[in-house]
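Asks: For reference, the chains in residue letters:
2 protein chains.
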Amino acid sequence: MMEFIKDPMAIERRSMEIIAPYLDGLHLSSEAIKIFSRIIHAAGDPDYAKVIRIHEAAVAAGCQALKQGCDIFCDVEMVRTGINKKTLAGLGGQVHCLIADESVAATAKQEGITRSMAAMRAFGSRLDGAVVAIGNAPTALFEVIRLMEETGIRPALVIGVPVGFVGASESKELLAKTSPVPYITVEGTKGGSPIAAATVNALLYMDQQR
Amino acid sequence: MMEFIKDPMAIERRSMEIIAPYLDGLHLSSEAIKIFSRIIHAAGDPDYAKVIRIHEAAVAAGCQALKQGCDIFCDVEMVRTGINKKTLAGLGGQVHCLIADESVAATAKQEGITRSMAAMRAFGSRLDGAVVAIGNAPTALFEVIRLMEETGIRPALVIGVPVGFVGASESKELLAKTSPVPYITVEGTKGGSPIAAATVNALLYMDQQR
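For the protein sequence lines, the chains are A and B, in the order given.
Numbering that gives the first Met the number 0 puts the first residue of the first sequence at 0, with every later residue one more than the last.
Numbering that gives the first Met the number 0 puts the first residue of the second sequence at 0, with every later residue one more than the last.
Extracted from the complex, chain A is given alone in its bound form:
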C-alpha cells in the first residue's frame, strides 16, 4: 500500500521516462525535449506537448545569456521561488521581482493597472539582454511587448506563459506574432508559475547531465 519511490533523483529519472512517449513524433531537438519534459512534469499534464511553442533561436539565446551571467526578471514571487537560484548564482545571475514593491503598488493603484504590469514598466531598460519570465499575469506580458515595441528594449529571451481566461491567450499570441526577440510560450489558457520556472530551470540545467 505504501510502497513508493523515495529517492529524488530516481523520481526525476522515472518521471522523464514516463513523459518521453508523449513527445514521440513531435520531431523535437534534444534541448526542446528537456524543456517540454520539465513543463509536462511540473503540470502533470501531457497535453502541454501540443501547445508549447519554442522560437528557433530561443534555447541558444537563453543559454548564452544565462551563461554570461544575465539576470532574470519575473512577474510574481512564485516564479522566483520556483527558479533554481543556486544554479543561477553559480553563473553570476539573480532573479528580480517587484510585485511586492511599495512604489510599484502605489503606481499600480494610481494608474488602475496590475502591480505586475507596473513592475515591468519599472524594470524598463534593465530588461535589455536579460531573461524575462512571466508565469502569471497577461498584463505583464502585454507590457513587455509594449516596451519592446515602443521603447526598443531587447531582452535576450522572453518566456511568456501567463495563465487564465482574461488576456492570457491573447498576450501569448501577440508575443509569438510580434516579438522582436526569441521567445518560449504556450498557446491557450494554460500556463502558470511552475511552467515559467520549469522553463527557466530547463535552460539552467541544459549543459548539465540532468
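Careful, some of the hints might be misleading.
Claimed, not checked - Here are the simulated lysine-lysine pairs, PhoX-like style, with alpha carbons at most 25 Å apart: (1) B:K176 / A:K5; (2) A:K84 / B:K84; (3) B:K49 / A:K49; (4) A:K5 / B:K49.
The hints are simulated quantities; they were obtained by calculation from the structure and are not laboratory data.
Just so we're clear, the structure is a prediction, and the values are computed from it rather than from any experiment.
Chain A is fixed; fit chain B onto it per the hints.
Replies: Chain B only, in chain A's frame:
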C-alpha cells in the same frame, strides 16, 4: 491590438464569469464553486472541473480551523509563496515550510528520502488541528497519510494535490480512500503549488465578498 483589461478586480470578476459555465451540471455547493473556480483560474484549465474531489466536511473543517487561527503546513516554498499570508495573519495563523531547513535536508540525505517527506516527519504532532497543504511532492502526502495512520496525528484538513507521474495519482487515491480527516484533492497526475495555494486562498476568502 493592445486593448485589454488592466484592473485586477475586474480581471478576477471576468475570469470567474468565464469559468462559471464549466461548472454547470456539477451540482456544487456555493463553497465548492469558489474552490473549483479558483483552481481552474490558477491552472487555466477547465478540465479540473472533472477531477476535483472535496470531502463533504472539508470546507466546514478548513474554515473553522482557519478562523480559530490554525497554522498551515506545506511541502514546498511555492505553496507558501502562493498563500495569502496577510489574510491568514489576520486570522492569527502562519505558514510553515521546512524544505529548505538544513537538519531536514541532512535527514533526507541520510535516509535516502525526499526533503519534503522528511519535513512532514519533522512537523509531526504540530500537524494536529492544522491545515496541511501539499502541492508538489507525492512522497510528502504519503508521509502525512502514514503519520495519520501510525502516530494518530489529526490535521483539521488535508489539501493533497501533489503533481506528476511518479506516485501522485497513487498518493491522492490513498488519501481519498483512507484519510481519517476531511480532505480536498484532485484525481490523476495534475496538481501543483498553484492548485494547493488556490484551494487555501478560496477557504481564506470564503466569508469575504470575493
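Asks: It remains to establish, for every hint, whether it holds in the given structure.
Replies: Evaluation of the provided hints:
no.: 1; hint: B:K176 / A:K5; result: holds, 21 Å
no.: 2; hint: A:K84 / B:K84; result: holds, 23 Å
no.: 3; hint: B:K49 / A:K49; result: holds, 21 Å
no.: 4; hint: A:K5 / B:K49; result: violated, 29 Å
Hint compliance for this structure: hint 4 alone is broken.
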